[in-house]
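Trainee: Listed in order, the protein sequences are those of chains A, B and C. Numbering that gives the first Met the number 0 applies: residue 0 is where the first sequence begins, and numbers increase by one. Numbering that gives the first Met the number 0 applies: residue 0 is where the second sequence begins, and numbers increase by one. Numbering that gives the first Met the number 0 applies: residue 0 is where the third sequence begins, and numbers increase by one.
These are calculated hints, taken from the structure and not from any lab test. Idealized CB from N, CA, C, for every residue including glycine. Careful: at least some of the hints might be erroneous.
Stated by the list, open to error - Calculated cross-link-like contacts (lysine-lysine; reagent style DSSO-like; alpha-carbon spacing at most 30 Å):
1) Lys423(C) with Lys472(C)
2) Lys415(C) with Lys5(A)
3) Lys423(C) with Lys5(A)
4) Lys423(C) with Lys569(C)
5) Lys5(A) with Lys472(C)
6) Lys336(C) with Lys415(C)
7) Lys336(C) with Lys197(C)
8) Lys415(C) with Lys472(C)
Stated by the list, open to error - Which residues of chain C face chain B? A partial, calculated answer using Cβ under 7 Å:
9) Lys28
10) Val34
11) Ala473
12) Ala475
Unchecked claim - Stretches of chain C that chain B covers, calculated by requiring three or more beta carbons in the stretch to come under 8 Å of a beta carbon on chain B:
13) 128-142
14) 199-209
15) 449-461
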Amino acid sequence: MRDNGKFFVGLGGVALVVTYLIWTGVSDTMLYYLTPVELMARVAEDPTFYDVGVKVSGRVEVGSWTRAEDELLHQFTVVDLQDKSVRFPVEFRDMLPDTFNDTDIVDVVVEGRFREDGVFEATVVLAKCGSRYEATAEELLG
Amino acid sequence: MGLIVGVTLVSAGVILFVMLPVLRGDWASMERSDDEITDVDARKQAALRGLRDAEYDYRSGKLNQADYQILKSDLARQALEVMQEGAAGNVANDEAPAAAGVKPPKGVAPDLAESLEAEIARVRKGIGQGRTCAGCGHLNVKKSRFCTGCGASLKRMATSSGNPESVR
Amino acid sequence: MILLGELALWIALPIGIWGAVAGFVGGRKGRGDLVLSAEYSVYAVFFLLILTSAGIITAFLTDQFQYWYVANYSNRELPTFYKVSGLWAGQRGSLVLWALLLSLFSSAAVFTNRTKNREFVPYMVGVLLTVSSFFLVVLLFADVNPFERLPFAPADGRGLNPQLQNYWMTIHPPTLYLGFTAFTVPFAFAMSALLSGKLDARWIVITRRWILLSWFFLANGIIFGMRWAYEMLGWGGFWFWDPVENASLLPWLTATAFLHSIQIQENRGMLKVWNMGLVTLTFLLTIFATFLTRSGLIESVHTFAENTTIAFIFLAFMGILAGISVLLIAWRYPMLKSENQIHSFLSRESAFLFNNLILLGATFTILWGVLFPLITEGITGQAMTVGPPFFERVNLPIGLALLALMGIGPVIAWRKASRRNLIKNFTTPVAVGAVVVAGLYLRGVHHGMALVTFGLSAFVMTIIIVEFVKGTKARASIEGEGHPLAFFHLVSRNRRRWGGYIVHVGVVMVFTAFAGAAFDREVVQTLDPGETVSIESPFGHEYMLTYQGLSTPRGQNMVRQAVALMTVEKDGRPIGSLTAEKQLFRMWEQSPLTVVGIRQTLMEDLYLILENVNDLGGAFENEAQAQRATFEVQVNVMVEWIWYGGFIVTLGSIIGLWPSRGSTTTTASRPQTGGKRPALAARS
Chain A
0 MRDNGKFFVG LGGVALVVTY LIWTGVSDTM LYYLTPVELM ARVAEDPTFY DVGVKVSGRV
60 EVGSWTRAED ELLHQFTVVD LQDKSVRFPV EFRDMLPDTF NDTDIVDVVV EGRFREDGVF
120 EATVVLAKCG SRYEATAEEL LG
Chain B
0 MGLIVGVTLV SAGVILFVML PVLRGDWASM ERSDDEITDV DARKQAALRG LRDAEYDYRS
60 GKLNQADYQI LKSDLARQAL EVMQEGAAGN VANDEAPAAA GVKPPKGVAP DLAESLEAEI
120 ARVRKGIGQG RTCAGCGHLN VKKSRFCTGC GASLKRMATS SGNPESVR
Chain C
0 MILLGELALW IALPIGIWGA VAGFVGGRKG RGDLVLSAEY SVYAVFFLLI LTSAGIITAF
60 LTDQFQYWYV ANYSNRELPT FYKVSGLWAG QRGSLVLWAL LLSLFSSAAV FTNRTKNREF
120 VPYMVGVLLT VSSFFLVVLL FADVNPFERL PFAPADGRGL NPQLQNYWMT IHPPTLYLGF
180 TAFTVPFAFA MSALLSGKLD ARWIVITRRW ILLSWFFLAN GIIFGMRWAY EMLGWGGFWF
240 WDPVENASLL PWLTATAFLH SIQIQENRGM LKVWNMGLVT LTFLLTIFAT FLTRSGLIES
300 VHTFAENTTI AFIFLAFMGI LAGISVLLIA WRYPMLKSEN QIHSFLSRES AFLFNNLILL
360 GATFTILWGV LFPLITEGIT GQAMTVGPPF FERVNLPIGL ALLALMGIGP VIAWRKASRR
420 NLIKNFTTPV AVGAVVVAGL YLRGVHHGMA LVTFGLSAFV MTIIIVEFVK GTKARASIEG
480 EGHPLAFFHL VSRNRRRWGG YIVHVGVVMV FTAFAGAAFD REVVQTLDPG ETVSIESPFG
540 HEYMLTYQGL STPRGQNMVR QAVALMTVEK DGRPIGSLTA EKQLFRMWEQ SPLTVVGIRQ
600 TLMEDLYLIL ENVNDLGGAF ENEAQAQRAT FEVQVNVMVE WIWYGGFIVT LGSIIGLWPS
660 RGSTTTTASR PQTGGKRPAL AARS
């Protein structure tokens with residue numbers, strides 16, 4: 000029994016360490032996962048929500064992508080998937096994924112913070128072509 | 000037309016193939032065949048493997064002699080128990096009883112079995128002809144120069160007492 | 000052919016169901032004819048799925064765009080190689096690939112056990128065909144039939160996503176699937192042992208090799224994915240803690256744990272319930288991995304389009320399997336009692352237990368991170384996510400602990416290690432580790448975690464090398480052999496142990512490479528032809544790249560390419576050139592593909608990305624002033640150590656997998672009836 004006790008002590012120890020790691024990891028790094036509508040709502044009711052780390056999913060507005068000359072700076076607009084009137088501009092200073100463009104239907108997830116000047120400063124941009132994998136019959140037949 | 004024929008042929012062929020055993024009454028074996036390892040064999044292999052590992056661990060300095068001897072006699076006893084169990088089982092199954100520890104056990108590669116069988120035999124013989132320490136009474140394996148119980152020199156004892164003491 | 004393939008899918012389902020029922024009933028009632036029929040069903044399903052796959056591939060090769068699946072993933076000009084691999088390019092076809100590989104392994108399992116392990120076969124076949132039937136049901140009834148037709152045929156297909164038109168991306172899914180599907184076999188064996196009550200020492204011996212095989216494929220699949228990400232995604236990274244990536248890691252972690260804890264069961268007859276749980280958990284995690292990819296439940300760049308039908312079907316399947324497994328284990332609990340106890344805290348058993356706990360801890364934390372959005376949304380109504388920062392910081396201590404254990408394990412003896420010997424054996428390795436840390440520190444490496452990793456790596460490598468040396472010497476003295484022969488025999492007579500040590504070497508190399516990534520450098524610059532960009536590597540080398548200009552050929556299936564050429568000098572000496580490209584594929588002109596140029600050496604990679612061409616249209620017209628472009632240049636440290644480490648892991652696994660005589664039978668499986676059919680028996 001005493002030896003089984005050692006096993007459970009070990010198990011408890013590891014469990015404690017893992018719990019601690021998860022707890023601190025989560026509290027230090029977790030991000031709100033929002034739609035643009037939700038983001039706007041939060042910002043409206045709580046001004047300190049600027050500068051909070053968030054992850055927002057939406058769609059790239061067609062024709063909204065510009066790129067600075069000679070500088071690694073991209074700008075585009077993200078639109079809410081449901082409510083097309085809700086949108087915000089995004090600034091991104093890194094390489095965009097190849098799947099990103101502003102002509103096809105491209106869904107994006109941007110991670111970063113929403114600045115007080117109303118521009119979303121993105122640190123990560125993930126793009127998935129909305130119709131990338133599965134085109135409908137209509138789209139295929141032109 | 001050719002397509003329908005092809006498809007029908009394939010379907011019929013496959014279904015026939017699958018149902019063949021039931022139609023013809025062919026039965027698959029669901030019994031262990033004679034040359035397969037048994038549970039006894041598996042456990043015996045484990046014990047013999049443990050012995051070999053113990054030997055290597057000792058030789059590479061992970062075990063001191065005391066721990067090594069204890070582990071070895073433990074494992075040797077375990078292996079013998081398993082083999083006796085196997086021999087008894089064989090008798091019950093009406094097969095020729097294998098004298099435990101003499102023939103290489105089935106299901107174990109011959110040279111492995113031989114070297115480890117020899118090892119067990121050596122251990123048993125070694126214990127059998129070992130020296131009892133005059134100081135602490137610990138029974139030592141044959142050829143030990145120092146008592147693993149108290150560290151006293153056995154050689155001196157043997158020389159002074161003349162003959163190696165016989166084992167209990 | 001195509002229609003035959005479609006029909007084959009429909010025939011496979013009833014046969015699969017028949018075989019599953021026949022296997023279970025035959026096993027229960029002792030009806031050898033039903034069991035034989037079940038075994039034949041396994042082969043039949045495999046044959047039919049080959050027909051299905053051939054049908055799909057034929058549809059691709061002959062540009063049959065009236066099939067929805069072909070139209071979505073192919074176009075006329077697509078190279079043949081990618082038309083063939085179109086089979087697994089999308090959701091539907093990849094399900095067929097899964098079913099095909101599952102039936103392949105099922106057939107292998109039945110074939111290799113046609114004259115041995117017969118008492119396990121009936122239920123094993125039942126379980127295998129149940130799982131196969133599940134996938135067939137999904138294919139046929141969950142709106143994912145690859146043979147679905149459009150009202151009429153489009154003139155050309157949509158073409159394959161350029162990111163998938165790449166060698167690594169083509170072999171990565173099949174390799175992963177090989178790993179995933181192979182786990183079904185040990186699971187089937189375990190269930191068979193539970194159902195039949197044959198829970199003695201044998202089922203573990205049988206299962207072990209299959210687990211190692213699956214583990215081997217999964218490890219390779221993961222490494223291929225990393226290679227693809229590094230070479231193709233163009234960011235210089237190879238792991239992003241994306242939910243689907245994580246999902247493929249989870250069964251690999253639990254399988255690693257199993258490979259260790261199984262030795263405790265073999266040697267001491269302990270942890271039987273634990274191992275049963277691990278086998279079940281590993282298998283469920285493989286199903287979970289494919290569920291995650293297909294259900295769209297968690298946001299990921301890897302996922303196929305969301306499909307709630309599939310999500311529910313898979314969830315139900317996993318739930319039922321989990322429930323049945325738990326019930327079976329509970330039912331057989333009395334037979335799964337441990338035969339022994341752990342004698343000492345200072346023992347290899349103890350170290351292996353720690354290994355298991357830590358690996359499961361890692362599994363749990365990664366799973367937690369992946370499911371976090373769902374958990375938080377369910378509890379608080381607001382979804383929260385965690386990303387790479389979370390996973391990295393949580394897994395770093397876990398990785399270090401595992402690294403340390405890889406050093407402790409070989410040195411600590413079974414049952415009870417002699418403490419003084421243990422300390423003595425650690426002295427040299429610890430000293431080597433300390434010297435390495437000190438040396439690196441003096442050379443300017445001040446990154447704490449990296450130093451610890453490098454020190455531990457040196458520690459482990461020293462221990463493993465010393466193990467090989469000591470083992471060879473020990474064998475030489477016991478058997479009286481010369482050292483080279485002793486070494487050869489040492490490894491070949493105990494392949495599992497020494498193969499395992501070689502695998503550890505590979506893993507240490509990969510961990511070391513991860514630590515090296517902390518020192519990566521990058522610089523971004525916009526250049527005209529003739530201008531240069533410089534970057535200094537952490538090792539003090541200076542790379543100077545001179546932009547020569549753009550050429551604009553046209554590769555196969557492309558509209559156009561822009562190829563930028565740089566000549567490279569290292570420390571003032573010319574060492575060659577690098578190219579980086581943008582490729583515009585037919586049908587995908589809006590998303591140019593970035594192709595990087597990499598100059599790989601052992602200690603550092605020079606990585607060139609063509610980020611943007613200011614005037615791409617002008618460049619295609621070969622206008623002289625349209626050559627201005629923005630580049631990102633990276634120096635990535637020790638990346639080759641990952642690929643070499645992976646190769647060594649493969650080598651070690653193959654050694655471990657190599658069959659040795661006398662493991663489960665006296666001689667190699669010699670068919671007793673001399674035929675291809677399973678051993679026949681007289682009807683009792």
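Trainee: For each hint, tell me whether it holds in the structure or not.
Mentor: To see whether the hints hold, each was checked on the structure:
With a CA separation close to 18 Å, the supplied pair lysine 423(C) and lysine 472(C) stays within the 30 Å bound. For a cut-off of 30 Å, the pair hint linking lysine 415(C) to lysine 5(A) stands: about 14 Å separates their Cα positions. With a C-alpha separation of about 25 Å, the suggested pairing of lysine 423(C) with lysine 5(A) holds against the 30 Å cut-off. In summary, the hint linking lysine 423(C) to lysine 569(C) is not supported, as the alpha carbons are separated by about 46 Å, beyond the 30 Å threshold.
Distance restraint check for lysine 5(A) and lysine 472(C): the Cα-Cα separation of roughly 36 Å exceeds the 30 Å cut-off, and the hinted pair is therefore not satisfied. For the given pair, lysine 336(C) sits about 22 Å from lysine 415(C) by alpha-carbon distance, which is consistent with the 30 Å threshold. Between lysine 336(C) and lysine 197(C) the alpha-carbon distance is near 14 Å, which keeps this suggested pair within the 30 Å criterion. Restraint check for lysine 415(C) and lysine 472(C): the C-alpha separation of about 23 Å stays at or below 30 Å, so the hint holds.
A hinted interface residue such as lysine 28(C) counts as satisfied when its beta carbon comes closer than 7 Å to some beta carbon of chain B; here the least separation is about 10 Å, so the hint is violated. Hint on valine 34(C) holds. Least Cβ distance to chain B is approximately 5 Å, under the 7 Å limit. Proximity of alanine 473(C) to chain B holds as hinted, the smallest CB-CB distance being about 4 Å (cut-off 7 Å). Given hint, alanine 475(C) at the interface with chain B, is violated; its Cβ is 10 Å from that chain's nearest Cβ, farther than 7 Å.
Counting residues of the region 128-142 of chain C whose beta-carbon sits less than 8 Å from any beta-carbon of chain B gives 0, not enough to reach three: the coverage restraint is violated. Residues of the region 199-209 of chain C with a Cβ under 8 Å from some Cβ of chain B number 4, which satisfies the need for three, so the listed coverage holds. Taking a C-beta to C-beta cut-off of 8 Å, the region 449-461 of chain C contributes 0 residues in contact with chain B, too few for the three needed, and the coverage statement is violated.
When held up to the earlier numbered hints, the structure conflicts with 4, 5, 9, 12, 13, 15 and fits the remainder.
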